[in-house]
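The sequence shown begins at 2 in our numbering and counts up one residue at a time.
For the record, the hints were derived by calculation from the structure and aren't laboratory data. No experiment lies behind these values; they were computed from the predicted model shown. Fair warning: there could be bad hints in the mix.
Said to hold, decoys possible - What follows is a set of in silico ranges between Cβ atoms, one per label pair, in the way DEER data are often shown:
1. Ala70 <-> Lys582: 53 to 61 Å
2. Lys177 <-> Ser59: 38 to 46 Å
3. Asn306 <-> Ala286: 37 to 45 Å
4. Leu599 <-> Thr406: 52 to 60 Å
5. Thr406 <-> Gln164: 39 to 47 Å
6. Thr608 <-> Tyr403: 32 to 40 Å
7. Pro589 <-> Ala70: 53 to 61 Å
8. Gln404 <-> Ser347: 29 to 37 Å
9. Lys421 <-> Lys177: 41 to 49 Å
10. Lys421 <-> Gln138: 20 to 28 Å
11. Lys444 <-> Ser347: 42 to 50 Å
12. Asn539 <-> Thr406: 33 to 41 Å
13. Asn539 <-> Asp36: 41 to 49 Å
Cβ coordinates follow ideal geometry from the N, Cα and C atoms, glycine included.
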Amino acid sequence: MTSKTPAIAHSWLSYLLILCFSISALTTTAQDKGDEDKTMANQVKTRDQKAIDEAMHSWWPASMKTLDARLNWWRNARFGMFIHWGIYSLPAGEWDGKNTGGYAEHLMRKAKIPRSAYLELAHRFNPVKFNADKWVQAAKYAGMRYLIITAKHHDGFAMYNSQVSNYNVVKQTAWKHDPMIDLAAACKKYGIKFGFYYSHAFDWEHPDAPGNDWDYQNPGGDLNLFGGRDWYDVHPELLPKAVNYVNKKAIPQIKELITKYHPDILWFDTPQKLPLSENIRILKAIRETDPNIVVNGRLARGSGNLQMGDYKNTGDRPAEFFPATGDWEAIPTTNESYGYSKFDKSHKPVSFFIRLLAKAASRGGNLLMNIGPMGNGEFAPEDTAILQGIGRWMNKNSASIYQTTKTPLPYQSWGVSTRKNNLLYLHVFNWPQNGKLIIGGLKSNVNKVWQLADKKELKFTRIDPLNMAIHLPAQAPDTSNTVLVMETSGPIETDTLRLLASHETTNRLLAFDARLEGKGFGFGDGKTSSYYVDGWKNIHQSVNWDFRLIEPATYKVLLKYVADTVDEGSYELSIGHFKVKDSIEALPKGSQVKEHSLGTVTLEPGTHSLTIAPVAIKGAGLMKILEVELIPVSAP
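Please model the complete structure; the sequences and the hints are all you need to start from.
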């Protein structure tokens with residue numbers, strides 16, 4: 002969103018359209034299984050429309066006039082540290098001698114721990130090795146420019162000295178210390194923006210809040226009491242209890258955090274646990290207390306693409322990113338849990354995060370990478386190693402991330418790119434063995450090209466009006482991500498059609514990047530096995546990729562998709578004269594990533610389209626397609 006008034010007015014009008022949406026019938030909907038909710042958004046009901054109407058005609062338009070000033074630092078930062086830390090870090094995923102599994106910060110819910118027993122755990126919490134300066138220095142070394150920590154997570158336990166509730170780290174633990182005072186000071190000392198995660202809608206200790214159905218038989222929990230996910234619509238008579246919690250604890254604690262620590266950003270989650278009207282009321286309280294605080298997109302989000310936060314939040318633990326416009330942020334974590342789990346050793350390599358950061362920046366998004374400190378107050382050794390590895394790369398290449406914007410180049414087989422004015426930063430993941438990096442779709446004249454890390458200039462030639470070749474050394478200086486800088490002589494002009502690699506490098510045609518024909522498609526959340534397109538329910542829908550070649554090439558065609566119990570049918574994949582039919586079979590149970598080899602195809606120079614269209618759909622849908630790989634086949 003730009004700073005121009007017409008853009009603000011357009012956004013405001015788009016939100017007003019929500020007021021015209023029809024009211025759907027009340028339904029009983031179960032909570033999503035596991036630790037996450039698929040949509041993290043509310044359906045707009047009559048009660049919520051009244052709240053939207055009040056906001057749109059009073060305080061909300063004024064808050065949008067300062068959006069760009071509020072978001073400026075966040076847009077430039079690109080990279081931040083998320084910290085999930087609470088008393089749950091002490092048992093580290095274990096209760097009664099058993100691994101509770103899933104997210105360790107959900108220990109209280111997963112083990113159904115009574116509030117009284119959880120309070121005994123708090124009494125034993127004594128993280129004497131906590132050092133705020135070390136935490137913030139680790140973030141700064143890694144190249145992170147903002148830090149967000151859990152002031153209160155779903156367990157309801159405040160990790161600061163709250164005067165609103167005695168259920169906090171100073172009054173209930175052996176430590177009797179407020180770490181937020183230290184962290185706020187350390188962030189200011191080292192020039193890092195500081196903020197809080199606050200669980201406004203989930204609170205397992207409070208008798209009136211949603212979530213705890215083992216102590217209080219409250220709605221919003223795993224038992225799906227009182228209508229399940231949409232309990233406040235099915236049983237509106239229960240809503241006054243939740244309103245009392247919001248009035249007596251959530252809003253007062255949020256205001257307390259603002260006035261006591263002066264955060265730059267507030268981060269919220271699980272808005273579906275409360276009705277949209279309550280979430281809007283909380284947002285209003287924030288804007289009244291400090292209009293300059295950045296608020297993420299998971300506080301007030303509703304059907305019809307209603308977004309009342311300052312930016313969008315995409316899925317958790319991403320491996321790929323589904324299409325998102327405007328300002329957005331993704332939240333990977335170093336392993337699979339956000340809170341510290343002694344059982345979770347699934348830490349990803351440093352290269353994964355270096356490339357994920359570049360991918361996010363190339364699409365105009367931020368990366369907020371999570372660390373789960375241990376119960377003694379230290380970062381786990383695995384997390385420290387990841388941070389240090391990222392830091393070594395950022396020390397030489399941070400200019401390709403900070404203050405960059407979405408790339409104007411089409412997708413490239415070798416990696417991704419970011420932009421800063423007339424500079425293109427080329428993030429090369431797949432180093433060509435033949436010594437030539439082909440930049441597809443660049444029309445602009447180029448002044449020079451150099452390696453960002455050592456400033457070494459590289460030779461380049463123009464192949465044709467749409468393509469450049471950069472001449473590279475035999476070995477990649479950095480196998481994770483070597484960054485090249487290309488300076489154009491004027492404004493950057495590009496062609497949008499993607500160029501495929503003809504040799505060596507596998508071309509990954511991600512479903513997220515496809516041209517979708519027909520209505521009804523949806524996206525997976527982008528995790529390792531769910532970067533798919535689904536909702537493929539009728540034969541008039543198709544998934545398409547358009548691309549071009551500058552020389553003849555032969556490819557092995559490989560389809561990857563998620564098979565499950567409900568999708569079944571047949572399809573045809575076609576590229577020009579190449580056509581092949583195959584079938585999708587439903588599984589007896591569970592879901593699996595499947596690969597189908599569909600033969601080889603030889604293509605001539607020019608433009609092409611690869612299309613997958615249904616022949617017949619026998620189940621709920623055809624399939625959840627992840628990608629098509631076109632793997633170059635070497636000439637004999």
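Hint-by-hint comparison with the structure:
no.	hint	verdict
1	Ala70 <-> Lys582: 53 to 61 Å	56 Å, holds
2	Lys177 <-> Ser59: 38 to 46 Å	43 Å, holds
3	Asn306 <-> Ala286: 37 to 45 Å	24 Å, violated
4	Leu599 <-> Thr406: 52 to 60 Å	37 Å, violated
5	Thr406 <-> Gln164: 39 to 47 Å	43 Å, holds
6	Thr608 <-> Tyr403: 32 to 40 Å	36 Å, holds
7	Pro589 <-> Ala70: 53 to 61 Å	56 Å, holds
8	Gln404 <-> Ser347: 29 to 37 Å	33 Å, holds
9	Lys421 <-> Lys177: 41 to 49 Å	48 Å, holds
10	Lys421 <-> Gln138: 20 to 28 Å	27 Å, holds
11	Lys444 <-> Ser347: 42 to 50 Å	44 Å, holds
12	Asn539 <-> Thr406: 33 to 41 Å	38 Å, holds
13	Asn539 <-> Asp36: 41 to 49 Å	33 Å, violated
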